[in-house]
Amino acid sequence: MLGSFFGGVNPATHKENTRRKPLASLDLQPEQVVIPLMMSAVGSSQPMVRPGAQVAVGQPIAQGGGGYVHASVSGKVTAVEEWPHPWGNTGLSIVIRNDGQDTPWSDGPDPLKPDQITLEVLVDRVKRAGIVGMGGGAYPTDEKLRQAAGKVDTLIVNAAECEPYVTADHRLLLERSDRILRGAQLLARCVGAQRAVIVTEGDKLNAVEAVERRLRKRSGKVALRTVRTRYPLGAEKQIVQTVTGREVPPGGAPLDVKCLVLNVATVFAIQAALFQGEALTHRAVTVTGGAVARPRNLWVPIGTPLRCLLESAGGLREKPQLVLTGGPMMGTPLFDLDAPVVKNTNALICLAGYERRQEQPESVCIRCGKCVAACPMHLTPTFIARAVRQGDGRRLSKFHPQDCMECGCCSYICPARIPLLELVRQARTLLEEGGMEP
Amino acid sequence: MNSTRSFRLPPQVGQPSNTASMMADVMVALLPALAMAVFFFGFRVLVLTALSVGSSILFEYGYRRLTGQSDTVRDLSACVTGMLLAMSLPATAAYWVPILGSAFAIVVVKQFYGGLGKNFMNPALGGRMLLATFPMLMTTWTQPLDRVPLWGVDAVSAATPMSYLHAGTLPPQSLGQLMLGQQGGCMGEVSSFMLLLGGCYLILRRVISPRIPLAYLGTVALIALLFPGEGTDPFLWMAAQLLGGGLLLGAFFLATDPTTSPVTPRGQILFGVCCGLLTMLLRYHSSYPEGVGWAILTMNCCVWLLDRAGMPRRFGAGHFSVLRYWIDRIRRSLAKIKFIKPQIHFSLRRDGKMPGEAHLDQIRTQAKTLASLGGVILATVLVIFGVHRFTDLDTARAETQAQQKLLSQVMPQAAFSSEIPALTAGALSIQAGYSEDTELVGYCVEVQAQGFGGVITMEVGVDLDGKVTGVAVTDHKETVGTRAMQPQFLARYVGMSGTIRPTGGNSVDAVSGATATSNAITAGVNRALAIVANLDMEGEVEYVDGEDLEEP
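Here the protein sequences come in this chain order: A and B.
Using the numbering used here, you'd call the opening residue of the first sequence number 30 and step up by one each time.
Using the numbering used here, you'd call the opening residue of the second sequence number 19 and step up by one each time.
Because the hints were derived from the structure by calculation, they are not lab data.
One thing to keep in mind: the hints can contain errors.
Stated by the list, open to error - Cβ-Cβ distance ranges computed for the label pairs, FRET-style: (1) B:Ile395 - A:Glu391: 38 to 48 Å; (2) B:Arg223 - A:Glu60: 35 to 45 Å; (3) A:Glu172 - B:Ser39: 40 to 50 Å; (4) B:Gln384 - A:Asp421: 35 to 45 Å; (5) A:Glu391 - B:Leu411: 56 to 66 Å; (6) A:Arg243 - B:Tyr343: 46 to 56 Å; (7) A:Asp421 - B:Val126: 25 to 35 Å; (8) B:Ile345 - A:Glu45: 50 to 60 Å; (9) B:Leu341 - A:Asp421: 20 to 30 Å.
Stated by the list, open to error - A few chain A residues that don't get close to chain B, going by computed Cβ distances all over 12 Å: (10) Gln75; (11) Pro133; (12) Lys156; (13) Pro278; (14) Trp328; (15) Ile395.
What the hints assert, rightly or not - Below are the DSS-like pairs computed for lysine-lysine, each with C-alpha atoms no more than 27 Å apart in a straight line: (16) A:Lys156 - A:Lys142; (17) B:Lys495 - A:Lys427; (18) A:Lys250 - A:Lys142; (19) B:Lys136 - A:Lys427.
Predicted model only: the values in this text are computed from it and were never measured.
All C-beta atoms in this analysis are idealised placements derived from N, C-alpha and C, irrespective of residue type, glycine included.
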């Protein structure tokens, strides 16, 4: 507990199904890929190609508010149309019929040597490679790097995959540790950070060993920090607190305490863009859950329909009760398996009935205080819930519900099964509307 | 849907425990201690526990049913309350005791405040403390291994370790005996080892957090180490304080009751520390040997305060943000103080009323205020008067009884007495004693004489023949020589008359080792005889005041 963050919970990790499965390509190449124009948190892009155009792997096909979007397979654009989106609802997407050749784009940028890379080159390359935060935030990385340049002293590479079931980052760190270390060192130099810290959890022992072996060989600013497994270590503010002991001020970002947090997959994508000249076209996705026949980690082109992933994982063993993208704590429910993999999809989880929490009626709060002891943001969910239910907006503002980052620890731990997370969300909206409910 | 945060579900996995399973865990944790209690005190323990649990469930079900509320028996909290209540009873308790206790605990302490999660006092402890107000119920302990029969318990009072500690000495039991539970006490309190086992089980199962028990036990241990009993080994003293009495049961099972302990982690630590301080204060300075129950109940009432004091610091707001906030607030409110020239109007209000009406209104308001004030004062006076009246009656009755008792000692043949107004020098009071048919039989004279350590006040009965009928010492300050005041020595004066001398004829020998006291009593008797003789002119015996005897 010392030198780490306050609170947190220890959900059963369920990672044993996939943690030993190497990142593999799809068994069957998808017949077509669907690339949504909205894959970044800040907006959506405009298509640069028309139906009928021939595209190659890594060729930019859209740009604009959401940054560059690239073709992940080579083939022919068949349509630009509304298509189910994994974030919910539908979104305008470019549909590419796969020709199976994987022809690389001929006009792609050249690989760079480390001494050629400056901050401007870095930011430009990252922007052109269309890299966004791949841990879930989907915030444009070039913007983040530009803001952070010269203002940070610590670069944190987030390999703490604290969500249960997900092992994509674990396998990536284990199998590509050399390139990730190189990327981290370069990034630290470019943004002017004195050190780069790779944070991972103790249950990824083989990845820890792999990184340590490589760290022993090279002398650099990169360090490895292994932390006991606890959810939500992977959250930005908590990982900053764990590594540096600094607390991000309310409403602030890690930048305010001189830290830059990048997901390990993002770091890998950045170094691929610099040293190989590759755009962000592929990513690692874990396909798992009790309803999946052969859980595994896959290295898939972005835009692959999730149904193809499921087929490569042996299909369904039983009817899943819930399909999620992302982990079971903070993940998004998926309503249509035709939705594609997007840049921040790290897992596809099909939960069988026995894996979900049993539906039980809510009972009264017995004031056990477990939610308060579990909240990593130092909130008091039980008091917030009571104030919301009583409509007491004046008292609510004293409890700072706007600090909540929706990790769900309170709902997870509550023995009375009170929907604390929903109530805290309601409290936030109440406060944001600036009013008290009558 | 235009954002990643658009649609999220709450966590799809969750820890499996719920309220009922937490309560079941508490009961499992209590089982070892209960088994030890059965071993030490016999099967009566089981019957008492069953009665307590059964009646708790029944009262919970009955109350919820009668008031038309949902059925809450299934959350098992009533079972836990019943079990804890039984654990804190002595094994000799009568069978109606747990039923009364659980009725109070469930109905008054818990359900009147809205049931589980809303009561502010621990129900089991509330019930136990109600029972503790019946003095003979909760202070008779049996020795362990002295199995109590199922029927026909005779209340034998055995000393508990706490009574030894209260007296400032170490209990005779060894630490091992205290650990296993070979000590007198409540059923569930005796076996410290089993309670520790149960507490560890609860902590490992994450039913309770270790904050409250650790803070509680740590505070008690620290105070015991700092202030050990005189001439005892501090560590032994600390161990006895920790293992004796109801401390472990209280720290692991009663103080950690989720509903009546603070929610915030810091508040929980404060709660534990305050419980420990209060417990030791009560153990050292109250008239009861044990203070755990009262300490926890008192702190239960302060939970709201501790919750407020222990509010977690806002994430990212800095370690001293709360202090800074308060300093800021004080500074701002100090800056706000302005000195305003008072605006006093000497004219009457002019809001559409007749000139005199405002004045009348004012008088009416004042009259109302005065009337309500007078009402309050009247009520207070009545209450005080009533209380005085009843307590006065009680005092008078007690005095009469004492008087009667004294009379039977000094003048057995008199049935009642009344004070006669004649006051003679040397006598504090003179009572005339009458037989049942109101015939004067003698006088009781209250006299004082100088003893060894101070003034001895005594009552001497003298009959109409001038003979002593009895002597009783009512007040004295003697430190040595109290032997001379024992009844068999006082009885030697009966039948004497005339001036009694230390030696020779008509004498009462001084009690060896208590010569001064004996002489003082003799002098007092002499004085009383003299006074009666002077009252009663028919006496023919020569009297000399006792004080003169010591002169030569």
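Handout entry: Violated constraints from the hint list, given by number and in increasing order
Key = Going through the list in order, the structure violates hints 1, 2, 13, 15 and 17 and respects the others.
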